[in-house]
Amino acid sequence: MSRPAVAVATLGATRGLTTQHATHRRRVPWSILAACGFVAALAMLAAAAPYLAQNPERGSLRARLEAPTLQGADGRAHPLGTDHLGRDVLSRIIYGTRVSLTVGFAAVAIGGLVGGALGLIVGFYGGWVDEVIMTVADAQLAFPFILLAIGIIAVLGPSFRNLIIVVGLSGWVTYARVLRSQVLSIRRREFVDAIIALGGSVPRIIVRHILPNVASTFMVIATLELARAIVLEATLSFLGLGIQPPTPSWGGMIHEGRDYLDSAWWISVFPGAVLMLTSLVVSRTGDWLRDVLDPTLRGG
Amino acid sequence: MHGFGAFLAYRLFRTLIALWLVSTVVFVVIRLSGDPVPLLLPPDAPVAEMERVRHDLGLDRPLAVQYAVFVGNVLRGNFGRSIHFRQPAMEVALSYLPATFELGLAAFLIAVVVAFPIGVFSAVRRNSPLDHAAMGLALIGQSAPTFFLGILFILVFSLRLDLFPTSGRGDWRYLVLPALTLGAFAMASIARITRSAVLEVQRADYIRTARAKGVGEFMVIAKHTLKNAALPILTITGLQFGTLLGGAVVTETVFSWPGMGRLAIQSIYNRDYPVVQSTVFIAAVLFIFINLVLDALYGALDPRARAARS
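Protein chains in written order, with our numbering: chain A, -10 to 289; chain B, 204 to 513.
Please note that the accuracy of each hint is not assured.
[What the hints assert, rightly or not] Far from chain A by the CB rule (all over 12 Å, computed), these chain B residues: (1) 211; (2) 212; (3) 263; (4) 309; (5) 349; (6) 358; (7) 366.
[To be verified] Computed spacing ranges between beta-carbons, pair by pair: (8) A:233 <-> B:298: 27 to 37 Å; (9) A:37 <-> B:496: 18 to 28 Å; (10) A:28 <-> B:217: 51 to 61 Å; (11) B:312 <-> A:58: 39 to 49 Å; (12) A:190 <-> B:301: 55 to 65 Å; (13) A:98 <-> B:331: 52 to 62 Å.
[Unchecked claim] Just so you have them, the derived chain B footprint on chain A, three or more residues with Cβ under 8 Å: (14) 140 to 153; (15) 224 to 230; (16) 251 to 261.
Read the hints as simulated data drawn from the structure, not as lab findings. Computed from a predicted structure; not experimentally measured. Glycine is no exception: its CB is placed at the ideal position from the N, C-alpha and C atoms.
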């Protein structure tokens, strides 16, 4: 085959791959729009917290353990009640949004970067690097990550940064495994051999031809991972290993309210409800993205 | 069959390496997490006494030597003595295993017994109101954080309705809420995968053939569909059993269930290295063992899997 012919064939192959998803496009259902709206609203709440909420770390001893009220003993409205120190639960939830979203997105970025890069590399090169990385991945999956997270945080100390690192590293395996298998299947296609035969460099092949093909898969995993990261952060904070008091976080609030569950259920239940809704909404969006972008990932 | 045997042997080899990696990482992380000796002795203990205890526990030796000793001991099945309980660490960990096993098994059984019929029903009566309700619940179950689910169950079923105790281990009533909490995620996943697996199979030609030759609807479902839908269901179910082990850590903490997960967390706080090592080791062995059994089952059930994997 002459050079132009190969080039045209290659072009056809890549274009066929990248545009094939466009035909899947259908109207976005209202539930997904609502879900995106919910996350956007959370982000705005987090950003505007100082203007909307009361001081989340200062309570009023006169207004301790108040049930949801518009006229509290301290003269202020507490639509979701107050906690054992007289702090406004709604304000603490709003500030807690900052923790959840920051840790969630930062963790997804770390996990995606590490896992995505490793998956691309081992998928393309294979060999002993592949064996080593995948064995490490197996090892990480082989025992409850929460134990490792607790151990690492016990070593490094509980802080915002360490929380992001630990939650981020908890998720790399999924990206690495899925991207690896995708790259493996693309790698076997003729257009890749053709490019190499034409003298194309491997990094260029990865950036120009493989990345666009795995981008939608990556998006799907990232969305599902975001929900998982937010829940993991809350779990660690609930166990006392995440965000330390008095800084408000959803998991920490649920933990603090546990001792008052019988008399003041609102301290735990409202942050928990917001956490559950966020997790549901984000993972639902991920499921939908998966069905639209990448039907091969379906199941589970 | 030779190829499949080789495949299993290869898996076993990777498994052993994974176990070694897990124990090494845990060794390093735990050793770095601090000195357990001050937690063992009264605060006014003389320095000489602290040094003596440290020497007795071998903690004054270089980390590399400690690691070599550790590996040598593990290979001989010796996980050291618990610093906190002053008993062999593996014995301590194993003595907490039955409670976790009881909880895990109950959670798993509840999950399968509830989820499997719901999944089949949802598929058969696709798009009925009951299907939508069941799948909506399953979605919630899949995304609800385990620890919050536990708190909600305690609030509603223990504190308000006074049906079950809030925490601890005793007769069956103590088991209900923790098992439901731990099993919720697995239940939701199994219900969803069962539904989609049954739907998938129902589109197949052989189901149409069965219907065409006059097989009754019940037999079509019970015999032709379920048999073929079994593989994906089995895979997900087995994987869920593995994740149950992780969920047990959180569930046991919420319900003060005296199992291995709670022991692991407490041992990390106590810096009781040998016990942490033992619990992690047991968890990893269980998880890996379950996966190996799954692989074997998969190969036994589906000749195509054997061919594809070897």
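Given the range 51 to 61 Å, decide if the beta-carbon distance of residue 28 of chain A to residue 217 of chain B lies inside it.
violated, 39 Å
Could you check that no beta carbon of chain A comes within 12 Å of the beta carbon of residue 211 of chain B?
The assertion about residue 211 of chain B holds, with a minimum of 15 Å to chain A.
Assertion that chain B covers the region 140 to 153 of chain A - criterion: three or more residues, beta-carbon distance below 8 Å:
holds (count 4)
Tell me if chain B covers the region 251 to 261 of chain A under the three-residue, 8 Å CB rule, please?
holds (count 5)
When you look at the beta carbon of residue 263 of chain B, is every beta carbon of chain A farther off than 12 Å?
Consistent with the label, residue 263 of chain B stays out of reach of chain A, its closest Cβ about 20 Å off (over 12 Å).
Range hint 18 to 28 Å: satisfied by the CB atoms of residue 37 of chain A and residue 496 of chain B?
violated, 53 Å
Could you see if the CB distance from residue 98 of chain A to residue 331 of chain B stays within 52 to 62 Å?
violated, 42 Å
Please check whether the beta-carbon of residue 309 of chain B is more than 12 Å away from every beta-carbon in chain A.
holds, 19 Å
Outside-interface status for residue 212 of chain B - nearest CB in chain A farther than 12 Å
Since the minimum Cβ distance to chain A is about 15 Å, residue 212 of chain B lies beyond 12 Å and the statement holds.
Does the no-contact call for residue 358 of chain B survive, Cβ to all of chain A over 12 Å?
violated, 5 Å
Is the claim that residue 366 of chain B lies outside the interface with chain A correct, judged by CB distances over 12 Å?
holds, 15 Å
Are residue 190 of chain A and residue 301 of chain B spaced within 55 to 65 Å by their CB atoms?
Given range 55 to 65 Å: holds, Cβ gap about 59 Å.
Going down the numbered hints, you'll see the structure goes against 5, 6, 9, 10 and 13, while the others check out.
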